[in-house]
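Throw the hints in and build the complete structure from the sequences for me.
Count along the sequence shown from 1, add 14, and you get the number used in our numbering.
Treat the hints loosely; a few may be bogus.
[Unchecked claim] The calculated label-pair distances, taken between Cβ atoms and stated as ranges, are:
| hint | residue 1 | residue 2 | range |
| --- | --- | --- | --- |
| 1 | T30 | T81 | 23 to 29 Å |
| 2 | K38 | A73 | 32 to 38 Å |
| 3 | L37 | L66 | 28 to 34 Å |
| 4 | C103 | K19 | 44 to 50 Å |
| 5 | K50 | A75 | 33 to 39 Å |
| 6 | K82 | K32 | 29 to 35 Å |
| 7 | T53 | T104 | 37 to 43 Å |
[What the hints assert, rightly or not] No more than 25 Å apart at the CA atoms, straight line, and that leaves these computed lysine-lysine pairs for BS3-like:
| hint | residue 1 | residue 2 |
| --- | --- | --- |
| 8 | K65 | K82 |
| 9 | K80 | K65 |
| 10 | K19 | K38 |
| 11 | K19 | K80 |
| 12 | K57 | K72 |
| 13 | K29 | K57 |
| 14 | K72 | K50 |
| 15 | K19 | K57 |
| 16 | K72 | K82 |
| 17 | K29 | K50 |
| 18 | K19 | K50 |
| 19 | K50 | K35 |
| 20 | K38 | K50 |
| 21 | K50 | K65 |
| 22 | K80 | K91 |
Just so you know, the hints here were simulated from the structure itself, not pulled from any lab data. Backbone N, C-alpha and C define an ideal beta-carbon position, used for all residues, glycine too.
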Amino acid sequence: VVCHKTEDALYMDAKTEKGEKLLKVLEGITENADNKAVTEQQKVTRERMAKLPLAGLKADAFGDGKTKEFFDRPEWKELSESCLGCGTCTFV
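Next up, the structure:
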């Protein structure tokens with residue numbers, strides 16, 4: 015279930031069968047509504063995100079097994095030789 019909070023309501027949208035079942039259970043305490051406020055909120059969010067410094071960053075090089083390719087690159091062998099195993103690099 016995806017939830018969208020606006021000024022006066024919480025909109026819920028089921029994306030799975032389990033989500034649909036949950037919303038069915040909540041029918042007695044919820045009401046159907048026009049999603050116009052959610053659509054407007056999403057538009058404003060997209061406009062703001064487009065202004066962020068990394069808005070044009072493409073993630074095509076990641077996922078679908080590609081991350082393992084980066085992990086197995088030969089450069090890591092040289093870099094890992096001086097590794098102390100402290101984990102500080104994970105804070106970056």
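These are the hints, each one checked on the structure:
no., hint, result
1, T30 x T81: 23 to 29 Å, "holds, 26 Å"
2, K38 x A73: 32 to 38 Å, "holds, 35 Å"
3, L37 x L66: 28 to 34 Å, "holds, 32 Å"
4, C103 x K19: 44 to 50 Å, "violated, 36 Å"
5, K50 x A75: 33 to 39 Å, "holds, 37 Å"
6, K82 x K32: 29 to 35 Å, "holds, 30 Å"
7, T53 x T104: 37 to 43 Å, "holds, 39 Å"
8, K65 x K82, "violated, 31 Å"
9, K80 x K65, "violated, 28 Å"
10, K19 x K38, "holds, 20 Å"
11, K19 x K80, "violated, 35 Å"
12, K57 x K72, "holds, 20 Å"
13, K29 x K57, "holds, 20 Å"
14, K72 x K50, "violated, 30 Å"
15, K19 x K57, "holds, 14 Å"
16, K72 x K82, "holds, 18 Å"
17, K29 x K50, "holds, 19 Å"
18, K19 x K50, "holds, 12 Å"
19, K50 x K35, "holds, 24 Å"
20, K38 x K50, "holds, 22 Å"
21, K50 x K65, "holds, 23 Å"
22, K80 x K91, "holds, 18 Å"
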